[in-house]
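Number 81 in numbering that gives the first Met the number 0 belongs to position 82 of the sequence shown; there are no gaps in the numbering.
Be careful, since some hints might not be right.
Unchecked claim - Under the rule of at most 30 Å between Cα atoms (straight-line distance), these lysine-lysine pairs were calculated in the BS3-like manner:
1. 15 with 42
2. 107 with 121
3. 107 with 92
4. 15 with 92
5. 107 with 42
6. 42 with 92
7. 15 with 121
8. 92 with 121
The hints are simulated quantities; they were obtained by calculation from the structure and are not laboratory data. Predicted, not measured: the structure shown is a model, and the values here were computed from it.
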Amino acid sequence: MLLRELTGGDPPSTCKLIFIDDPTGFGHRVTDGDNLVEHVFTKQTEFERAVAERTAEGFAETERSLTRRVFVAADRFWIVSLDGDTVRTQAGKVRTDWRESTGEARGKEFRDRDRAVAAYHKAVEGKQAEGFREVHGRAITITGAPKGPKKPGKRKSR
0 MLLRELTGGD
10 PPSTCKLIFI
20 DDPTGFGHRV
30 TDGDNLVEHV
40 FTKQTEFERA
50 VAERTAEGFA
60 ETERSLTRRV
70 FVAADRFWIV
80 SLDGDTVRTQ
90 AGKVRTDWRE
100 STGEARGKEF
110 RDRDRAVAAY
120 HKAVEGKQAE
130 GFREVHGRAI
140 TITGAPKGPK
150 KPGKRKSR
């Protein structure tokens, strides 16, 4: 499943575009008046076209959407995203009726952004070490990335 959460428009609104890899299934749209709230696609080309159209209209992807990564191993899934200084995870079993709300969701808030980014990267590395592989991977750039290791030096005495 691919998900892109976009914000923009006049008045400002949020729109979720979702791709579920089920060519025989049916997509749907959820609207609030004239605003598109959610659109589910079953064909990836249509999903990508809709993302490009929304982006051309001035919509921008949210940080939570940009950092959302989905991993699978055997019959398990794990989703991680970064939202400010909070790392959000969701895990569970892969089933045929799997949806975004399936499984157990957790959020852990950190003292500052750098700690949250470091925890995000550490969690991803940990799942990859456990044998999870990323589904629909893409390059991710995170602003406020952690600084490199501190240089050893003399400590000042008190």
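Practice problem: Below or equal to 30 Å on CA atoms is what counts here, so check residue 15 against residue 42. | Solution: holds, 16 Å
Quiz item: Do the alpha carbons of residue 92 and residue 121 lie within 30 Å of each other, as the hint requires?
Solution: Roughly 22 Å between the alpha carbons, so the hint for residue 92 and residue 121 holds.
Exercise. Compare the distance between the alpha carbons of residue 15 and residue 92 with 30 Å, and conclude whether the hinted pair is satisfied.
Key: holds, 23 Å
Self-check item: 30 Å limit on alpha-carbon distance, applied to hinted pair residue 15 and residue 121
Solution: Roughly 27 Å between the alpha carbons, so the hint for residue 15 and residue 121 holds.
Quiz prompt | Proposed proximity, residue 42 with residue 107 (alpha carbon, max 30 Å) | solution = Judged against 30 Å, a Cα distance of about 34 Å means the pair is violated.
Self-check item: Straight-line alpha-carbon gap residue 42 to residue 92, limit 30 Å
Solution: With Cα atoms ~23 Å apart, residue 42 and residue 92 stay inside 30 Å; holds.
Quiz item: Does the structure keep residue 107 and residue 121 at a Cα separation of 30 Å or less?
Solution: Holds: residue 107 and residue 121 sit about 14 Å apart, inside 30 Å.
Quiz item: Between residue 107 and residue 92, is the straight-line Cα distance small enough, at 30 Å or below?
Solution: holds, 21 Å
Violated hints amount to a single one, hint 5; each of the other numbered hints is respected by the structure.
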